[in-house]
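Engineer: Chain by chain, the residues:
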Amino acid sequence: MTQLPGMLPDLDIIRKDFPILARSVAGGQPLVYLDSANTSQKPQVVIDTMVDHLERHNANIARAMHTLGAESTEAFEAARDKVATFIGAPEREGVVFTKNITEALNLLSNTFAWAEGDLRVGPGDEVLITEMEHHSNIVPWQLLTERTGATLRWFGLTDDGRLDLSNIDDLINERTKVVSLTWVSNMLGTVNPVREIADKAHAVGAVVVVDAAQAVPQLPVDVIASGADFLGFTGHKTVGPTGIGVLWGRPELLNALPPFHGGGEMIETVTMERSTYAKAPHRFEAGTPPIVEAVGLGAAVEYLGHLGMDAVHAHEQAVTAYALEGLASVKGVTVLGPLDAASRGGAISFELDGVHPHDVAQVLDSRGIAIRAGHHCAKPAHARFGVQASSRMSSYLYTTPSEIDAFVEGLEYTRSYFKLS
Amino acid sequence: MATELDALYQEIILDHYKNPHHKGLRAPFEAEVHHVNPTCGDEVTLRVHLSDGVVEDVSYDALGCSISQASASVMTDLVIGKPVGQAMDIHEEFLTLMQGKGAVEPDEETLEDGIAFAGVAKFPARVKCALLSWMAWKDATAQALETTGGKV
Chain V
3 MTQLPGMLPD
13 LDIIRKDFPI
23 LARSVAGGQP
33 LVYLDSANTS
43 QKPQVVIDTM
53 VDHLERHNAN
63 IARAMHTLGA
73 ESTEAFEAAR
83 DKVATFIGAP
93 EREGVVFTKN
103 ITEALNLLSN
113 TFAWAEGDLR
123 VGPGDEVLIT
133 EMEHHSNIVP
143 WQLLTERTGA
153 TLRWFGLTDD
163 GRLDLSNIDD
173 LINERTKVVS
183 LTWVSNMLGT
193 VNPVREIADK
203 AHAVGAVVVV
213 DAAQAVPQLP
223 VDVIASGADF
233 LGFTGHKTVG
243 PTGIGVLWGR
253 PELLNALPPF
263 HGGGEMIETV
273 TMERSTYAKA
283 PHRFEAGTPP
293 IVEAVGLGAA
303 VEYLGHLGMD
313 AVHAHEQAVT
323 AYALEGLASV
333 KGVTVLGPLD
343 AASRGGAISF
353 ELDGVHPHDV
363 AQVLDSRGIA
373 IRAGHHCAKP
383 AHARFGVQAS
393 SRMSSYLYTT
403 PSEIDAFVEG
413 LEYTRSYFKL
423 S
Chain U
4 MATELDALYQ
14 EIILDHYKNP
24 HHKGLRAPFE
34 AEVHHVNPTC
44 GDEVTLRVHL
54 SDGVVEDVSY
64 DALGCSISQA
74 SASVMTDLVI
84 GKPVGQAMDI
94 HEEFLTLMQG
104 KGAVEPDEET
114 LEDGIAFAGV
124 AKFPARVKCA
134 LLSWMAWKDA
144 TAQALETTGG
154 KV
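Protein chains in written order, with the working numbering: chain V, 3 to 423; chain U, 4 to 155.
Treat the hints with care, as some may be off.
[Unchecked claim] Simulated restraints on C-beta separations:
hint : chain 1 : residue 1 : chain 2 : residue 2 : range
1    : U       : Asn22     : V       : Lys333    : 51 to 57 Å
2    : V       : Lys333    : U       : Lys104    : 32 to 38 Å
3    : U       : Gly84     : V       : Gly151    : 26 to 32 Å
4    : V       : Arg25     : U       : Leu66     : 44 to 50 Å
5    : U       : Pro31     : V       : Gln31     : 51 to 57 Å
6    : V       : Asp312    : U       : Ala128    : 50 to 56 Å
7    : U       : Ala128    : V       : Glu414    : 20 to 26 Å
8    : V       : Ile269    : U       : Asp64     : 38 to 44 Å
9    : V       : Val206    : U       : Asn22     : 54 to 60 Å
10   : U       : Glu111    : V       : Thr153    : 57 to 63 Å
11   : U       : Glu108    : V       : Glu57     : 47 to 53 Å
[To be verified] Straight-line C-alpha distance at most 25 Å; calculated SDA-like pairs for lysine to any residue:
hint : chain 1 : residue 1 : chain 2 : residue 2
12   : V       : Lys18     : V       : Lys333
13   : V       : Lys333    : U       : Ala145
14   : U       : Lys125    : V       : Gly29
[As the list claims (entries may be wrong)] Interface residues of chain U toward chain V, partial, derived using beta-carbon atoms under 10 Å:
hint : residue
15   : Glu7
16   : Leu11
17   : Lys21
18   : Cys43
19   : Glu46
20   : Cys68
21   : Phe126
22   : Ala128
23   : Val130
24   : Cys132
In short, the hints are calculated from the structure, not lab data.
Even glycine gets a Cβ: it sits at the ideal position worked out from N, Cα and C.
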């Protein structure tokens, strides 16, 4: 195997943790999975932990007064502790389990409308986002501002795919109530200066929401150091299962928000006239939660913790730099976003002149190479660069240099298939 | 596999992709529609001009992959100059081909270059690409018939 400085040691052993990577597709060709920004693959330990829970410990949590109920509750709450440790949350009460990050962001955007006191968003207030957001960090804020009479504003982008901070002092002002931004762009790969923007936002009394869906899988994340007041991510991009996400918030802020969903387990007491509500995190976990998914996520972040997120990040940077080099060698390829690996994550969107992204993805698929094609749920960011759709390759901790080689060869083959000179 | 890929990307499809027929927006027209494929972002703006019960012109502006572009081109070849009823029948036949998962044998008499899309039916993710412009045409034609009270 080609070795690159910074790559994870024993990568061939790590790859054996992910059974799906041994699959062959497209008529017996080895799978080259370069769609991890879409969803990551799962290590055996996550799969086994979930199966074990279902086979041996399955029961509802927090309400069953029997052995299995106690075991299930313990496993679920232990997963919360593992997540808290993984993201540097000082209190486990700040870790709310949600369905995914989309639900986490909708939880916030709805409860900000219903809140009383400082967190309430109403007429005259401003919510600030950026032009590089995923639709899940745009649409909920559009809904909030449309419904409350608040104003939605956003940071534009520079030509090289970074946030345009030139008008930051206009955008962050005394009317700003919420600043919500992505840490790592799912389309451009850009790593944003979250702390710098958070400090500015706090200076005017705004709260900061961070979409860390692409950051938590790739970077060492410390929620306190990040400057975020709320931070969300999703389990399935973090080698965990689908159906589970996390909203971390400073507990005093979570407790100042009203409930999102009403139901079982989010209450203190219920009468026919009214109810009082549990404190965070249970206030936001109405109904039976995705128990086995949470347990699986606990195993996932523990697995990443054992690898070490500094090591995962270094690997991602090494492979990303190698992929950028490979892309630069293909005639007609234009990369969207920053061109230096140090300031970006592992998702690389690109255009291949003369071939539509769907056709690129289709030809690569015929060679066993999985990438994504389309707008990647970031239509405004595509529009900013005058692009209707793009192809995106995204590596992860299990990606090898030879997979990048296969991808680059696949692009050359695509060019010849479509008879480009 | 190259063979399956070749079944998808028939020469006829690549020819229409590189040299699309009837492309561009023209007047006169009775209806204009804009259809998008929300999952991938493919877009088509399409106009229909009907006269004496005949599809006089279909003009369009489209952005998208080779399959969606070629399909728009072939569609205009198939419906322009045909009575609306017959054009709708061709649309139905193309739809049946696309939804047949590769098991439907296309009739070259009716579908002409459209038979090249038989291979697309084996790729479920691409069927919607092939159908985008057809759906837009059907919608625009229905609107055109409505505005003219069914009299064209």
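Engineer: Each hint should be assessed against the structure and marked as holding or not.
Structural biologist: Now for the hints, and whether the structure bears them out:
no.: 1; hint: Asn22/U x Lys333/V: 51 to 57 Å; verdict: 23 Å, violated
no.: 2; hint: Lys333/V x Lys104/U: 32 to 38 Å; verdict: 37 Å, holds
no.: 3; hint: Gly84/U x Gly151/V: 26 to 32 Å; verdict: 54 Å, violated
no.: 4; hint: Arg25/V x Leu66/U: 44 to 50 Å; verdict: 34 Å, violated
no.: 5; hint: Pro31/U x Gln31/V: 51 to 57 Å; verdict: 52 Å, holds
no.: 6; hint: Asp312/V x Ala128/U: 50 to 56 Å; verdict: 38 Å, violated
no.: 7; hint: Ala128/U x Glu414/V: 20 to 26 Å; verdict: 24 Å, holds
no.: 8; hint: Ile269/V x Asp64/U: 38 to 44 Å; verdict: 56 Å, violated
no.: 9; hint: Val206/V x Asn22/U: 54 to 60 Å; verdict: 57 Å, holds
no.: 10; hint: Glu111/U x Thr153/V: 57 to 63 Å; verdict: 59 Å, holds
no.: 11; hint: Glu108/U x Glu57/V: 47 to 53 Å; verdict: 48 Å, holds
no.: 12; hint: Lys18/V x Lys333/V; verdict: 35 Å, violated
no.: 13; hint: Lys333/V x Ala145/U; verdict: 45 Å, violated
no.: 14; hint: Lys125/U x Gly29/V; verdict: 15 Å, holds
no.: 15; hint: Glu7; verdict: 7 Å, holds
no.: 16; hint: Leu11; verdict: 7 Å, holds
no.: 17; hint: Lys21; verdict: 9 Å, holds
no.: 18; hint: Cys43; verdict: 4 Å, holds
no.: 19; hint: Glu46; verdict: 7 Å, holds
no.: 20; hint: Cys68; verdict: 4 Å, holds
no.: 21; hint: Phe126; verdict: 7 Å, holds
no.: 22; hint: Ala128; verdict: 8 Å, holds
no.: 23; hint: Val130; verdict: 12 Å, violated
no.: 24; hint: Cys132; verdict: 7 Å, holds
Violated hints, in rising order: 1, 3, 4, 6, 8, 12, 13 and 23; the structure is consistent with all others.
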